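Colleague: Below, each chain spelled out in residue letters.
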Amino acid sequence: MPNIRLLKALVFAVCLVPFVLLGLAAFNLAGQSLGANPIEELLHQLGLWGLRFLLLTLAITPLGQLSGKTWLLKLRRMLGLFSFFYILLHFLSYAILDQGLSYTAIIEDIIERPYITLGMTALLMLIPLAITSTNGWMRRLGRRWKKLHRLVYVIAILGVWHFFWQVKLDTREPLIYAGILSVLLGYRLWLKFSKSRQITAKSQ
Amino acid sequence: MPSVKIMKNRITKTIHASEITDESVYLKRRHFLQLAGIATAGAAFAAIPGRSQADVKPLKTIPSKYSTSQAPNSYKDITTYNNYYEFGLDKDDPARYAKSLITAPWSVKISGECDKPGDYNLEDILKPHPLEERIYRLRCVEAWSMVIPWVGFSLGDLIKRFQPNSKAKYVSFTTLNDPVQMPGVGRKVLTWPYHEGLTIAEAMNPLAIIAVGLYGKTLPNQNGAPLRLVVPWKYGFKSIKSIVEISFTRNRPETSWALSAPQEYGFYANVNPQVDHPRWSQARERLIGNGLFVAKQPTLVFNGYADQVAHLYSGLNLRKNF
Ligand code: HEM
Chain A
-5 MPNIRLLKAL
5 VFAVCLVPFV
15 LLGLAAFNLA
25 GQSLGANPIE
35 ELLHQLGLWG
45 LRFLLLTLAI
55 TPLGQLSGKT
65 WLLKLRRMLG
75 LFSFFYILLH
85 FLSYAILDQG
95 LSYTAIIEDI
105 IERPYITLGM
115 TALLMLIPLA
125 ITSTNGWMRR
135 LGRRWKKLHR
145 LVYVIAILGV
155 WHFFWQVKLD
165 TREPLIYAGI
175 LSVLLGYRLW
185 LKFSKSRQIT
195 AKSQ
Chain B
218 MPSVKIMKNR
228 ITKTIHASEI
238 TDESVYLKRR
248 HFLQLAGIAT
258 AGAAFAAIPG
268 RSQADVKPLK
278 TIPSKYSTSQ
288 APNSYKDITT
298 YNNYYEFGLD
308 KDDPARYAKS
318 LITAPWSVKI
328 SGECDKPGDY
338 NLEDILKPHP
348 LEERIYRLRC
358 VEAWSMVIPW
368 VGFSLGDLIK
378 RFQPNSKAKY
388 VSFTTLNDPV
398 QMPGVGRKVL
408 TWPYHEGLTI
418 AEAMNPLAII
428 AVGLYGKTLP
438 NQNGAPLRLV
448 VPWKYGFKSI
458 KSIVEISFTR
468 NRPETSWALS
478 APQEYGFYAN
488 VNPQVDHPRW
498 SQARERLIGN
508 GLFVAKQPTL
518 VFNGYADQVA
528 HLYSGLNLRK
538 NF
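As you go down the protein sequences, you meet chains A and B in turn. For the first sequence, my numbering begins at -5 and goes up steadily by one. For the second sequence, my numbering begins at 218 and goes up steadily by one.
One or more of the hints may lead you astray.
[Said to hold, decoys possible] Mimicking BS3-like on lysine-lysine, the simulated pairs with C-alpha atoms at most 27 angstroms apart in a straight line are:
#1 B:Lys293 to B:Lys316
#2 A:Lys63 to A:Lys186
#3 A:Lys162 to B:Lys293
#4 B:Lys405 to A:Lys162
#5 B:Lys344 to B:Lys282
#6 A:Lys68 to A:Lys2
#7 A:Lys162 to B:Lys316
#8 B:Lys274 to B:Lys308
#9 A:Lys68 to A:Lys186
#10 B:Lys333 to B:Lys316
#11 A:Lys162 to B:Lys326
#12 B:Lys293 to B:Lys277
#13 A:Lys140 to A:Lys189
#14 A:Lys162 to B:Lys308
#15 B:Lys434 to B:Lys344
Honestly, the hints are just simulated from the structure, not real lab data. Predicted, not measured: the structure shown is a model, and the values here were computed from it.
Make the full structure from the sequences, and use the hints.
Modeller: This is the structure we're talking about:
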């Protein structure tokens, strides 16, 4: 088992790399650039990183179980919080930079554009998960904590769906993410299914 | 719908080039114009086989009363942020991959309901037309916009030369479709060849031009070299690039985007802030070049060209005929 504190610090630094690069690009520093339409590029990159971290978070459990490296589980909370971090920035760049904090335009978008409705629903569901991610809340909620945090499956589905609905023609990229998500969710269904079979087999 | 302030379109009769672009660009342009003294339009387009983007040439232009007084976008933005799916789906793909397009020799087939059909080579198409600089707003259906100093000439003047007959109600345009030169057509995201169309009345409107250049130089490949349509009151996808055929038809021609998603893209595709795309609002647009911290600006009916084109659509339900 590796030194967990060191590992966590390393992973933390790596998770910040996209943020730092986007920050440099936003101000055209260090040869980085967001191109001709910087707001759209920033919005897209933050959305993509949010989704990537979300899927990575969901991959931790199966990877830990299949490899037997249970220390991987210790990274799950941090990855989940980074997903929240990037998605929150994605939302803020939409609301502040893209929409100029025009409440009427934002509310109209949330109501009228199905892909925004999906994204917003996903973000609202992420907030309680982020808040209750601390040890204190885990203890306080007990078994209900696990139930609550199953929301992450719904959030991931909404996130991929949101991605799929906003593309103009080329659905290849969101379909790749949908494929990865299917594998991650399929693994859990398979586990559940095979466990319940074992239990029924034993009780007979 | 948020209320949309509709500004009156300003057409300045006399504008000084120094008002609409920054000085270094202006000085460069003057240099082009001096060079252009010896390089007439015909010479710039003379068939040098294999001519491509690297060889953009200066063009001699005269100003136009139809130009906007707004400052144009930078040459870099105009030539690196493009939708030209034949060269890939990302905005920077065309600038990267369109070098493989061979624009000389080039010929355009004229067909359909007209008295002078035939295959015309590019020099013959261009020869009689003095080139104008037309600084137009361009509004993309994706809710961004640019201001582009096109070089071109009236589409109507070109059409008249082929003498369309009384049965010609529409004009259809076709882009080159060559999988060898165009890596993107291997993927069937749209029905290739790309095709577009206008009513005859739209095509004869003085704002509609055939563009052969921008910023006083021949078009780079990614912007639709060697010749393309520009209809500034319609969403950008109507302004078809790298034209190889112009046909006069009795019936409304099919158009690529309307075929691929008829509920999202119509035949007319007039810029209209009151009619949203099913998935996003068309009320406002992002002007490219403004950086990270400038809000979107209101989109204008007919992209601000209502005075010149609104009469074409009197009595037409623009919500249904989007
Ligand atoms: C779990 C939550 C979310 C995830 C995982 C997510 C992810 C994404 C992804 C992957 C993209 C596409 C990026 C690309 O095309 O390269 C995207 C685009 C976008 N998202 Fe989100 N998003 C989420 C929530 C939201 C929220 C709350 C909003 C705003 C209320 C929002 C607004 C947008 C917008 C405006 C676009 C760009 C659409 C366009 O350019 O046409 N998203 N998002």
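Colleague: Next, verify each hint and record whether it holds.
Modeller: Evaluated hints:
no.: 1; hint: B:Lys293 to B:Lys316; result: holds (16 angstroms)
no.: 2; hint: A:Lys63 to A:Lys186; result: holds (21 angstroms)
no.: 3; hint: A:Lys162 to B:Lys293; result: holds (25 angstroms)
no.: 4; hint: B:Lys405 to A:Lys162; result: holds (14 angstroms)
no.: 5; hint: B:Lys344 to B:Lys282; result: holds (22 angstroms)
no.: 6; hint: A:Lys68 to A:Lys2; result: holds (8 angstroms)
no.: 7; hint: A:Lys162 to B:Lys316; result: holds (25 angstroms)
no.: 8; hint: B:Lys274 to B:Lys308; result: holds (24 angstroms)
no.: 9; hint: A:Lys68 to A:Lys186; result: holds (23 angstroms)
no.: 10; hint: B:Lys333 to B:Lys316; result: violated (33 angstroms)
no.: 11; hint: A:Lys162 to B:Lys326; result: violated (31 angstroms)
no.: 12; hint: B:Lys293 to B:Lys277; result: holds (21 angstroms)
no.: 13; hint: A:Lys140 to A:Lys189; result: holds (18 angstroms)
no.: 14; hint: A:Lys162 to B:Lys308; result: holds (13 angstroms)
no.: 15; hint: B:Lys434 to B:Lys344; result: holds (17 angstroms)
The structure fails to meet hints 10, 11 from the earlier list, while all remaining hints are met.
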